[in-house]
Amino acid sequence: MSGQAAGRYVGQSIKRKEDPRLLTGQGRYVDDVQLPNMAHVAFVRSNIARGKITNLDISEALQVPGVIAIYTGDDLNPYIKEYWHTMGGPRPALDDPSGAHPPASVLAPGDVRFVGDPIAMVIAENRYVAEDAAEMVIVDIDVEEPIIGLDMAVAHPEMKVHHELNKNFSGIMPYMEVPPVDEMMASAPHVVTRRFKQARATNVPMEPRGIIVKHDRGANEITIWSATQNAHEVRSFCARLIGFPAQRIRAIAGDVGGGFGQKMMVSRDEAAMMIAGYLLGDRPIKWIEDRRESLIAANQAREEWVDVTMAVTPEGDIMGCRVNFLEDVGAYPPGAGGGAGMSAGMFPGPYKMPVVIPQGTSYFTNTCGKAPYRGPWMMETVAREQMMDHVAAEIGIDPIEFRRRNIIHQSDLPYTTCTTLVYDVVTPEETLDQAMEMLDLAKFRAEQEKARAEGRLLGLGVGVYIEPSAIAFGILSSDQANVRMDENGKVLVALSSGSHGHSIETTMPQVIAEHLGCDIDDIIIMQGDTASAPIGPGTGGSRTAVIVGGACQTAAGKLKAKILEIAAHTLEANVDDLEVNDSVVSVKGTPAKQLPFAQIAAMAYMMPEMLPEGMEMGLEVSARYKPAGSFTYSNATHVCTVEVDPKTGMVKILRYIVSEDCGQMINPMVVEGQIAGGVVQGIGGVLFEHMIYDKDGNPLATTFLDYLVPTAPEIPDIEYGHIQTMSNSLGGYKGMGEGGAIVSPPTVANAIHDAVKHLGVHPTDFPLGPSQIRDLLVHAGAAV
Amino acid sequence: MKPAPFEMHLPTSVSEVVALLDEHGDLAKPIAGGQSLVPMMSLRLASFEHLIDLNGVSELNQVSVNGDSLRIGAMVRQSTAEHDPQIVKSAPLVAKAIPHIGHFQIRNRGTVGGSIAHADPSSELPAVALALDATIEAVGPNGSREIAAKDFFVSTWETSLIDGEILTGVRFPIWSGKCGFVVEEVARRHGDFALVGVAAAVQVDGSKVAKAAIALFGVGGTPVRASEAEQALIAGGTSADLDAVGNLAAMNLAPSDDVHASGEYRKAVAATIVARAIAKALKEAQS
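For the record, the sequence lines run as chains A and B.
This note's numbering applies: residue 1 is where the first sequence begins, and numbers increase by one.
This note's numbering applies: residue 1001 is where the second sequence begins, and numbers increase by one.
A couple of the hints might just be wrong.
So, partial list: chain A residues that the calculated Cβ filter (under 8 Å) puts toward chain B [what the hints assert, rightly or not]:
1) 131
2) 132
3) 291
4) 647
5) 648
6) 688
7) 706
8) 708
9) 711
10) 714
11) 771
12) 774
Cross-link-like lysine-lysine pairs, in silico, DSBU-like; alpha carbons within 30 Å at most [stated by the list, open to error]:
13) A:450 x B:1283
14) B:1267 x A:652
15) A:562 x A:17
16) A:652 x A:197
17) A:757 x B:1267
18) A:52 x A:695
19) A:652 x B:1280
20) A:588 x A:558
21) B:1280 x A:450
22) B:1089 x B:1208
23) B:1283 x A:652
24) B:1280 x B:1178
25) A:52 x B:1002
Stretch by stretch, here's where chain A covers chain B in the computed footprint (C-beta under 8 Å, at least three residues) [unchecked claim]:
26) 1188-1194
27) 1255-1261
28) 1265-1272
These aren't lab readings, by the way, just hints derived from the structure by calculation.
Ideal Cβ placement from N, Cα and C applies to all residues, glycine included.
Just chain A, with the same shape it has in the complex (with noise of 0.2 Å):
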């Protein structure tokens, strides 16, 4: 079970390489670019959920001194040549049955359709002129009503939010009936249905959204500086959206301060950018998302209800199950936006189910479009983990043995889920015994039993999970690196990731110092640009350490090989006789026999008769990497411990405990970092954040007053165990990014859960904020 040692680098918790630049304030985002003769950029947003434009009058905004352009729907729209995202596929047709990207628009065409759909946008001299200017754009709107919230749409099939259409949803597994599942059904000893509702979130970047877009008339040039996830695709989107020829397009992404999701497809704002900047020419336009903005308007996640009906034996092995995913996608998502598709095919998790039968509908609303979050699918553990702990007290077996009893053990593997995914290399069983070992169960529920008899709740929630990492299909198959050793020996690489906080620039050449034998420092990483950067989707999916790697690993070792080839010819030894040491060649045994890597760059480029015989000049290879796998499966079992106060309804986390198997570890501190961030956002999902529409469609969160992210008070230090098993993918890595994020929602509700259960209370909604938890616990009976 055990991982490969720890090498001189790949397995170091280095500190990380980007952070002198970030944390001193030095890095490079969108907003530090600053270009001659640069305008700015302020949208008109709407008050109304729904309703038509009948007056837009600009007239009175053009006269303030400092304007440049006001542009409407009616100037942009029309420019719009291809709307669709490489990752998601050109549209669909209007009347495609199985599902619909909304209609195509950069600003709203005619009418409304969600409060903060843009209008108009502004272009002044500086943003204070297009703010002042903005205020003074006219808009009148004939108010319809909107749909508002899964209740409504589900309610109203009939409503549609976007009249080109002829349904109200963008994408749908129907039901499907299976009789002799249905028969199982029917007939098991325990069948148990719950309906567990997520809250919508939004992603919350420290950096919101940004854009600079300069064409250049003259050298038919267009350049953008985007905070992306992915360059690539800001050049290929604009591409096609303005018909644009692509290699005459440069992307670049410096430093991003967040995404999580929400940057990795170009958003209608940004579109608008794209139109606008190439209609005006010659006058770079920059528009930077201030924080009302990305409350309201940047695409937000999670509205998701998922019933579950699970048949159980009176022992407690999983028959199967039927599990229907609702999500809401607002308005104008990228493509379809949904994620009740993988949701799906994840169910099962780490379990052993015979049989789970899925429906998903993704319906439109009108409000702001749902995009990817940290674990997109991840409605389907939330759903799961939660229902493990409801149909284990419905049952009257403790859930942790109800999970024990399903999990999928060692000697299960390769397990072939009933959803058709292959588990090869997974620890579900090992890390629930690991997270087990750390917390102290029966110290746990002794502690639980004296605090109940002084009337305190406490409570333990278990979570496991598998992570479907290094999602590689289409165009996230793979990545590639390229890698040039210099004149020098110094060592530069062009990635195809796309960093916006990953430590890319340290553990990408943690992977490459340890393959090629070089000291980390003479690595330098180049991403994000696309006159610079290999072709790649950018990062998401949890595939850097996977994919990008796996890239790093291939073409460090090519460039290793030729090194030592060149070297085997001058020391006059056999390559196999050679070591490499601290970018030092040396033949074993012999280590005054030796040249090191700056002295065989020299060659390489400056001395051809130093290199054998018919081999190329040059210190320059790439390698690019596709998995085996369409996804390289990690895991993990998070556990928490809460107390809730019961006259306040206010919840502690005592205790949070993650063990974690993403196979060979590239930097544990990164690692663990990785885990905090993702566990943060679950628990902020569970307890605190919240992006909540009244019922005329207005969002109530639109400052930091009100949207609550949680803080440093709010999380407990957080206890990680490891346990590595190498995977299948080069380097034995696995992916991590998300999970931290998918399984700690309903860790802490299932702890919740446990605090309440005795008193009646099954929690099912998120949020669990102090008035929720209030309410449940008087309707229960169990306060006043």
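Starting from the known structure of chain A, fit chain B onto it as the hints suggest.
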């Protein structure tokens, strides 16, 4: 989130401030720490053509003890007040309220007078002023005057200051003897506006409660004094039924709903935290 254009004035004396306010009338607003005003202006929820900056008015920075009262100048920073030895000794309830205000960066800029003059019903210091029967000092075009805290808070963000008047200081009575001072609140996160909170002070004499002061915040348009609960506590002494005291404090409240909690929640939890706060205050007084 960029404010509309405004002109900044930098007076150095109270008389200059009053003159500027008189000159610009409704178009002017005094700015202290700016922790509430600046976000409102940046969100364009508020707009003023003239900001009168109080930060250069050094006469507003004083803390002094005069007989049985402590005076805190309007521009004393919250972070200063939290640790000022005279305040900690003479008005511990003020010092204890301050860690609940926002985060330290906010307290470094925010002022005692600014918080009271802003009169946010969820704020701690207005409730402390009300509980302790503080006296508000104001200066305006017609000279200076004093306003009792109970007459100062009118409704959300509204005080009895008249046009052209500024708050220059707050006087808190100094409690002596065996006292306990507690600020208790329920907030979604540390530093958030309280869903409901209470500032409480007791003075005990043996098993008697000689004095009691209880004010709630986050439960209505203004902080609310719980006089009946105070009377019940004084009547019941140190062994009073604190749940009953809490219920009395909450009995007449009618807080409203928001995204964080229902009015019903606030009312119920008000009773709970009053009882908890008094228990802690009695314990402190008796120790």
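**Study point:** In rising order, the numbers of the hints this structure does not comply with
**Key:** none
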